[in-house]
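Asker: Sequence:
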Amino acid sequence: MKTQAMTMNKQSLSGPSGLFGLFALAMLLFSAASFASVNPKLQLQNYSLSETPAQPGHVVALTLDIKSLEFDNCADRVAVQLVVSYPLSIQGSDTQYIEQLCYNDSDAAGTFTFYLPVDNLASAGTYPVSLSTTYEKRYTKLSESNTLNIRVGGSPAFSAAITTSNPVDIYAGDSADVTVTLQNTGSSLVQDARATATSSGIEVKWAGSQQVVGTIAARGSALATFHIEVPKNLASGTYPLDVKLDYTGEDRQNGTTTFHFDVPVKPKADFTANYGAKGVMRAGAVQEVNVTLTNSGTETASKLKVRIKPLFPFSTDGTVRYIDSLAPGQSINLTYVITVDKDATAGSQLSGLLMDFQNPQGKSFSDSADFAMPVRTATFAEEMDQYMPFIYLFGIIIALVVVKRIAGMFKKKK
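Just so you know, we're using our numbering here: the sequence shown kicks off at 730 and counts up by one.
Honestly, the hints are just simulated from the structure, not real lab data.
We put the beta carbon where it would ideally sit given N, CA and C, even for glycine.
Hints are supplied without guarantee of correctness; some may be wrong.
[Stated by the list, open to error] Dumping the calculated BS3-like pairs for lysine-lysine here, alpha-carbon to alpha-carbon at most 30 Å:
{"no.": "1", "residue 1": "K1092", "residue 2": "K995"}
{"no.": "2", "residue 1": "K973", "residue 2": "K961"}
{"no.": "3", "residue 1": "K995", "residue 2": "K934"}
{"no.": "4", "residue 1": "K1133", "residue 2": "K1034"}
{"no.": "5", "residue 1": "K1133", "residue 2": "K1092"}
{"no.": "6", "residue 1": "K1092", "residue 2": "K1032"}
[What the hints assert, rightly or not] Here are the in silico distance ranges between beta carbons for each label pair:
{"no.": "7", "residue 1": "V1066", "residue 2": "R923", "range": "54 to 60 Å"}
{"no.": "8", "residue 1": "D906", "residue 2": "T987", "range": "35 to 41 Å"}
{"no.": "9", "residue 1": "Q1087", "residue 2": "V941", "range": "24 to 30 Å"}
{"no.": "10", "residue 1": "R923", "residue 2": "Q772", "range": "19 to 25 Å"}
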């Protein structure tokens, strides 16, 4: 029986059906070999940040999820490396290793976490991070590369200061250009920035009250210059200058911030002048007049040089009057010889004084003070006064001629 069974098995293998079975088995083995992977394949499936966007000055965790895609081929000696640039850096090593990563491994097996400090002065924007994954299989070295975009956020923040003033010292009656530097200390730029200045006491000229600043970069600055005028009669002291900055952020949101400055108006001598004489000045006459000069300001003026302002119809010989000092509220009478033009019209005519002086610190100033003097036209008799010398001379000549003729007539009679 045993011999018979063995004979039957040999016959079955050597027959047509046995050959078909061997062929089918060979095809199955070939098919399995053709579908088997030659090399493993790793792929970055996902990445995440612990903070989005990353904030300047913070340390953010970057988590990478890497997966093995070939079910029948594991990756050996896996190395994951990051390359970053400013404003990002890597805390600790830039490369992490695992011995092997397979298709059936848990998700945690392919998770890599790097800690990235963000510089305090980072500007908002998107920054690239390069990821390189290398691995081996049977001494064959393989690699994959990816570029990750890390968003750094933040918001604008501003400080401001008056950096220049022209002139540096501002007095009552002055005009000045005041320049404000607007510093964006935040990490995000702004656009469409506009600076508007307002004040009380001093006047911000309408044409220069608003300045278009435009774009201010993160950590950047911009200048806004405002033209101010100080009334002549304004008391010395400190006066407010408020500057409002309106802008649009990178997120298209509108923002506003306001800054307050103190503008010092320094004490200064100021002057008024009055015509001291009671009489009315006559056109065409030369007259001595008294003018009262008063220091109506808040500081003593010294080394004064005072002269009449040459305004028609008045004129002088340019005589200068010198005053050692004139304290606030103090007055002094000055005498000038003034010529009134013969073509002057009747009424109150404007004149004035010109003053050069120094303050107690030795700084030189110039100022003027206007005043009015009454003028009347000359009568006919007063107009003839200027011709009287000629009339007298002509009369003397006529009288001499008449006397000579009368004397000649008497001589002929004899």
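Asker: State for each hint whether it applies.
Answerer: Taking the hints in turn, this is what the structure says about them:
Restraint check for K1092 and K995: the C-alpha separation of about 12 Å stays at or below 30 Å, so the hint holds. Proximity of K973 to K961 is assessed by CA-CA distance (about 27 Å); at most 30 Å being required, the pair is judged to hold. Annotation: proposed proximity of K995 to K934 holds, straight-line Cα distance about 20 Å (limit 30 Å). Taken as a hint, the K1133 and K1034 pair is broken in the structure, with Cα atoms around 60 Å apart against an allowance of 30 Å.
Distance check on the hinted pair: K1133 and K1092 sit about 74 Å apart at the alpha-carbon level, beyond 30 Å; violated. For the hint linking K1092 to K1032, the alpha-carbon distance of about 11 Å falls within 30 Å, and the restraint holds. Between V1066 and R923 the CB atoms are about 59 Å apart, so this pair conforms to the stated range of 54 to 60 Å. In this structure the supplied range 35 to 41 Å is violated for D906 paired with T987, their Cβ-Cβ distance being about 21 Å.
Distance hint for Q1087 and V941: a CB-CB separation of about 42 Å, inconsistent with the stated range 24 to 30 Å. Separation of R923 from Q772 is about 51 Å and departs from the stated range, judged on CB atoms against 19 to 25 Å.
Going through the hint list in order, the structure does not satisfy hints 4, 5, 8, 9, 10.
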